[in-house]
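These protein sequences, in sequence, are chains A and B.
The letter at position 61 of the first sequence is residue 61 when you use this note's numbering, and the numbering goes up by one with no holes.
The letter at position 86 of the second sequence is residue 1086 when you use this note's numbering, and the numbering goes up by one with no holes.
Hints may be right or wrong, so weigh each one.
Sample of chain A residues at the chain B side, in silico, Cβ under 7 Å [what the hints assert, rightly or not]: (1) W22; (2) G24; (3) L71.
Taking CB as the label site, the calculated pair distances span [said to hold, decoys possible]: (4) S130(A) - A1066(B): 35 to 43 Å; (5) P1239(B) - F157(A): 49 to 57 Å; (6) S130(A) - P1280(B): 35 to 43 Å; (7) V145(A) - V1057(B): 21 to 29 Å; (8) S91(A) - G1145(B): 50 to 58 Å.
To spell it out: a stretch of chain A is covered by chain B in this simulated footprint if at least three of its residues, at any positions, have a beta carbon under 8 Å from a beta carbon of chain B; those stretches are [said to hold, decoys possible]: (9) 10-20; (10) 27-33; (11) 58-65; (12) 127-135.
FYI, nobody ran anything at the bench for these hints, they're computed from the structure.
Every residue gets a Cβ at the ideal spot worked out from N, C-alpha and C, and that includes glycine.
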Amino acid sequence: MIRSVVLSTLLLVACALAQSAWFGGIAVFGVTPDIGLVALIWLSYMNGLVAGPVSGFLSGLAEDFLSASPLGFHAFIKTAVSAAAALLHGSFYIDKILLPIILGVAGTIVKAVAAGALFILFGSKVHAYSLIGRTLWIEAAYNGVLAPFIFLILGPFGRLLVAERRRG
Amino acid sequence: MSDQPPRADVRGSRAVAPILLAASLLCLTVSTRSLEGVPESLGLTILGFFQRGFSAVGGFASDTVASINELRRLRENYVELSAKLERYTNMERGLADLREENQRLKAQLGFSQDVAYQRIAARIVAKDPENLYSTITVDKGFDDGIRKNMPVIAFQDGMEGLVGRVVEVGRGASKIVPIYDSKSFVASRLSGGSRTEGLVGGQGSPDDPLLMRFVKKRAKDEVQFGDLVSTTGYESLYPPDVAVGRVRKVRVLDYQTSIDIELDPVLDFSRIEYVFVVKPQTAGGGE
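Using the sequences and the hints given, assemble the complete structure.
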């Protein structure tokens, strides 16, 4: 499990670095996709309630270092999303297209809810999505569209990224 | 019969001391605020290194693709610039006269010497990885003389414009919050006749206009479309007279005692590659 957590965290940090350095050019109305979130959903769904949230927490901390957000902001959000995805662990079969889209969109909405919860607790010290603004919905759509491709890419690396289950 | 305790108990008991030590350190850190800002700075230093690497790879790819058009564009620019040079040579003669007049007027009004600003050039290597925050990361940091809260400007299309301010500094990287961030506020004034002051804030996206608030209602007849808004420099982080935006719309609501003005930023943030971190230096000598 430690190996899968370490590799998952490195993958998610690399996603964050790629988002910060490369994704400005593919923004739609200034909104970039969160491929790290989509990857985290897949990792958490596959790994369950321990490895997933741990990877989410660590990668969220790394994002806090890269962003102007207060330390712990993205760590909380990513942990919340990964926990939600991990609760679905083994519940159903993930097909190639429809379920990844649904998970990508739903994960973004969970992210917004988590940010909203932090906004309620900490007020103006943190940012949150506006439900009537376009940022959240463009990001949700973008993540949904990219999710099938990201799930497809991560699938073959399951042996490295998914913790082995005990037999018997 | 063995008197040894179960292994789990042994492991558990060995973990107690380190856990209590860690908890004590955490309490001490929180109560004394000793490490305030240090984790963020350390994290930025480490991850900033990798950000530069990623940025370099992306830059190489985009440079390779753009190089084919570069030569053609340079040829066209050469012809255009040659014509401009001829015009500017003529303008320079007039500018020398204006400079002399400016010096005379300043001396008459008793202005102190111009504040000299040292500028630290830096290249933008990354933006915020998420959409909730607006951050710009540059490739210069503490070792290059950058400190927290220093203002940041850029030059674009012959104009100096305000970019934002430094919020975090690592050894070789710094984070800047731009003026279009929703938590950014800049004391500004309208250039031109009215010189009315207000507070310019962002709306969270470079595509959304800036909003100048708390402008006195009597100024609504003096504000013109396209008027330039600049920093006041009054008890502010930002130096004075740095361009912020241009007026595009005035919002007047009957029940309000002030008007809101929408501004187009003077800088196109999607095209900025290099910025200058301003290091103010006070003028030397007394009265």
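Outcome of the hint check:
1. A least Cβ separation of about 4 Å between W22(A) and chain B falls short of the 7 Å threshold, and the interface hint therefore holds.
2. Checking G24(A) against chain B: minimum C-beta separation of about 5 Å stays under 7 Å; hint holds.
3. The closest approach between the C-beta of L71(A) and any C-beta of chain B is roughly 6 Å, which is under the 7 Å cut-off, so the hint is satisfied.
4. The supplied range of 35 to 43 Å is met by S130(A) and A1066(B), whose beta-carbon atoms lie about 36 Å from each other.
5. Checked against the hint of 49 to 57 Å, the pair P1239(B) and F157(A) passes, with Cβ atoms roughly 51 Å apart.
6. Between S130(A) and P1280(B) the Cβ separation comes to about 36 Å, which falls inside the hinted range of 35 to 43 Å.
7. Evaluation of the 21 to 29 Å hint for V145(A) and V1057(B) yields a pass: the beta carbon distance comes to about 24 Å.
8. The hinted window of 50 to 58 Å between S91(A) and G1145(B) holds, with their beta carbons roughly 55 Å apart.
9. Coverage of the segment 10-20 of chain A by chain B holds in this model, with 6 residues showing a Cβ closer than 8 Å to a Cβ of that chain against a need of three.
10. For a cut-off of 8 Å, the count of residues in the segment 27-33 of chain A with a CB near a CB of chain B stands at 4, and the three-residue condition holds.
11. By the rule of at least three residues with a Cβ nearer than 8 Å to a Cβ of chain B, the coverage given for the segment 58-65 of chain A holds, with 5 such residues.
12. Proximity of the segment 127-135 of chain A to chain B, defined as three or more residues with a beta carbon under 8 Å from a beta carbon of that chain, is established by the 4 residues found.
Figure legend: structure checked against the earlier numbered hints; every hint is met.
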